[in-house]
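S.K.: Each chain, written out:
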Amino acid sequence: MFDLSLGILGSAGVALALTLSVYAAIAGAIGAHRRDARLQTSARLTSIAVFLALTTAVVAMMAALLTDDFSVKYVAEHSRIASPTWVKVVTLWAALEGSVLLWAWLLTGYTAVLAVTTPNTVLRPWAISIMHTVQVFFLGVVAFAANPFIVLANPPLDGPGANPLLQNHWMMAVHPVLMYLGFVGLTVPFAFAMAALITRRPGTEWMRLTRRWTLTGWGFLTAAIVSGGWWSYEVLGWGGFWAWDPVENVSIMPWLTATAFIHSVQVQERRRMLKAWNLLLIVLTFSLTLLGTFLIRSGVISSVHAFGDGPVGPYFLAFFVIVALASLTLVALRWDQVRDRSELDAAVSREGAFLGVNVLFLALAFAVLLGTIFPLLVEAATGARVTVGAPFFDQVSLPLWMLVFALMGVGPLLPWRRAETQTLKRNLAWMLAAAGVAAGIALALGMRKVYPTITIGLAGWNLASFALLLAGAIVPRARITGRSLASVFRAYAFEHKRRFGSMVVHLGAVIVALGIVGASGYRVDQQLRLEYGAPAAFQGYELVAIEPFAVREGGRVSVGVYIDVFVDGRQVTTLSPRINTFGDQQQPVPTASVRYTPGHDLYLSLAGSVSPDTDFVVIRAVQSPLVTWIWIGGVIMALGTAYTLSPVGARARSTVRSDSAAGAEA
Amino acid sequence: MRRRVPSARRLGPLVIVAMAIAALSAPHAMLAQEGALDRRVFEIANELRCPTCVSESVGQSSSPIAREMRIIIQEQLEGGATRTEILAFFQERYGDWILLEPPKRGLHLLVWVLPVAAAMVGVVVLGVLVRRWQAAGATPVAADPADLARVRAALERTDERPSHVDADAFGERHERGA
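Those protein sequences? They're chains A and B, same order as listed.
Here the first sequence is numbered in the working numbering, starting from 677 and rising by one per residue.
Here the second sequence is numbered in the working numbering, starting from 1021 and rising by one per residue.
In case anyone wonders, no lab produced these hints; they're calculated from the structure.
Just so you know, not all the hints are guaranteed correct.
As the list claims (entries may be wrong) - Here are some chain B residues pointing at chain A (derived, C-beta under 10 Å): (1) 1090; (2) 1092; (3) 1096; (4) 1128; (5) 1162; (6) 1166; (7) 1168; (8) 1169.
Computed from a prediction, not measured in an experiment: that's the story for all the values here.
Cβ coordinates follow ideal geometry from the N, Cα and C atoms, glycine included.
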């Protein structure tokens, strides 16, 4: 019998994928340069082979994890026999080597889909070649710097299991995958942008071809950030969702520049301006994903979420430098073609709003980047240790966020080229009135904090803006056609997916902002000492600790306390905050228990040990108003993005075909 | 209602072991006696860095030192100290490093000034560009008569098409003047 080791199979898969990808990158480039269709096709088909080869490696890793094959180093270091199956599955990306493997695998998957679905244009061969170049880097890291498939001569009988914080919550199955889908999605427009520069076609073609990829990447990144917030909320035990931790910061930096990008490409589509700027933005976005990975994976910055320190840091730094230098050089070489010969009719116009929001998002990204690396820079320069924490990021970013939300209300109402002063004044009057009413209600309810009150006002401002947008689109049509408002609305939402979807995304952003106002501005955080059986008051609740418990399930030991929760003498629920311990790992994880309601969450976590010989327990109680709306708003943003991407309806399709054909000729 | 974990098995000896493990994370014995902490404690604790943690505040962390610091804050509050005094107390012992909000002086000033400066540079550059682009837009472009004739001919042809919508490069239709 021939017993094929999973480790060797995996290594072989990675090596094959790497070899093929090197071939595809070179063949694609030569094929594109010589306009050799056979080489181009060969590179394209190789993309599928690369994906299949790496899929073999991923399947081998999954099999090794599920069958507890501790001869594979990664499994030996990060898995454990007693873990439940879902934990073994997510262990694939719970540590550094595995997560780079996942990233590389998703990249090969995207490249394969791209190779099959992209229409044949001059850009395609170069874009495929560039995707493969990026892929060669990731596969190289997997093969040489962080190989998870190393075969151990003396396999242990059992492993330590995944990081306790990670296996403590099922969100771990979702959040990292979304993150990598986002990062990888934003690689596609980067590859096409570079292809556009190489082929001297820096028009709108590259962004038109990648519009769906860009939005997909952005949507996944948005969902990833929000789901990461929810994971923090559930797992870290202090009832917060965002702490301006370095890992959080490096995830939001590419999101900020990508958000600027998806807005400013529209200016180029409509007005043929900002060619160079859009190219720089996508270069910046892609580079920031690499820089971020370097910062958090190399150990130069410590973070509460840094689960995979390892040897890959310098490689990511080197690749970041190469990508930045190469793409900037390319932009410089093509400067004559990308230089704008722009004309602007008026600053108060749709394009003007897009320009403004570009500056705001870039300023935000810069502030976050600076705050994140400032301690690093100071320590390198002077040796002094400094801290830049949440209060800094709040103070610097909040004014910018307020401006973003103000512009978000105005921008969509402005027509391209030039706004009619009278219409604009009327719209602004309505919006100001709504903002005043909203802020007035907030003040009447006793809100006195500055930013929360402004945000409530801006929510009113934006809601009025949505109403005006919809009314402007629907009422005249209903009047002309004589159909009901509802049916015109349905037709509008169906036929204008892009516009309507963007409104949904903006609405989601408003809802997220309101959730943040409540949860950050008005949370109540208290530590309580509960004697068993004796009620303790907390924010209108009565909490009664009933008894301690201990449970063992799936290789996890939970010790906690049942706490009955009463409102007005009526029991509403029982919460069970606990401390989880996984296997032999000495790191106990305090795990909160949450009562979710639309108005506010009641969040209890243990603040002391549970011991059988005391007659009390110390808990941390958090009341977090509106926090659920952050997750709901995040889902709405993701759904809105998906809606803009959903296939165009049958009625609109014929028009679209002819129009895009006309666009391609132009 | 109370037994919400269906697979919960009560394991006598396990309780002792597990609690011993949990006790490893137990803080200062003092905490066990005191327990209750005021909400103001966390507001102040959120402005201090937990000295032994990786990028967590004293308010967030469940580490022993963070719990002790929260108790110190509680005691100082009970002793009548203000927020500023308590922050100064920790700053004296640990240095500026303990404050999550970098003080606005010395080297720290850079981190405060640079984002504002960058935003201002951005606004100024944008302002200059907008003026330049507007000037470019205001300058009439000399048109070739032959081109003009072609455009006129093309426009006459398009008049036969429905004119209430126009389409951009993406095939998305926009209402005119919406």
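S.K.: So, for every hint listed, does it hold in this structure?
M.R.: So, going through the hints one by one against the coordinates:
The interface hint given for residue 1090(B) holds, since its Cβ lies 7 Å from the closest Cβ of chain A, which is under the 10 Å cut-off. Interface restraint check: residue 1092(B) against chain A, minimum CB-CB distance 14 Å, threshold 10 Å, status violated. The criterion of a C-beta within 10 Å of any C-beta in chain A is not met by residue 1096(B), whose closest approach is roughly 16 Å, and the hint is violated. Because the closest C-beta pair between residue 1128(B) and chain A is about 7 Å apart, less than 10 Å, the hint holds.
Violation of the interface hint for residue 1162(B) is found here, the shortest Cβ-Cβ separation to chain A being roughly 15 Å, above the 10 Å cut-off. Restraint check, residue 1166(B) versus chain A: the minimum CB separation of about 19 Å is more than 10 Å; hint violated. Interface hint status for residue 1168(B): violated, as the beta-carbon distance to the closest one in chain A is roughly 19 Å, over 10 Å. For residue 1169(B), the suggested interface contact is broken, since its CB lies about 20 Å from the closest CB of chain A, more than 10 Å.
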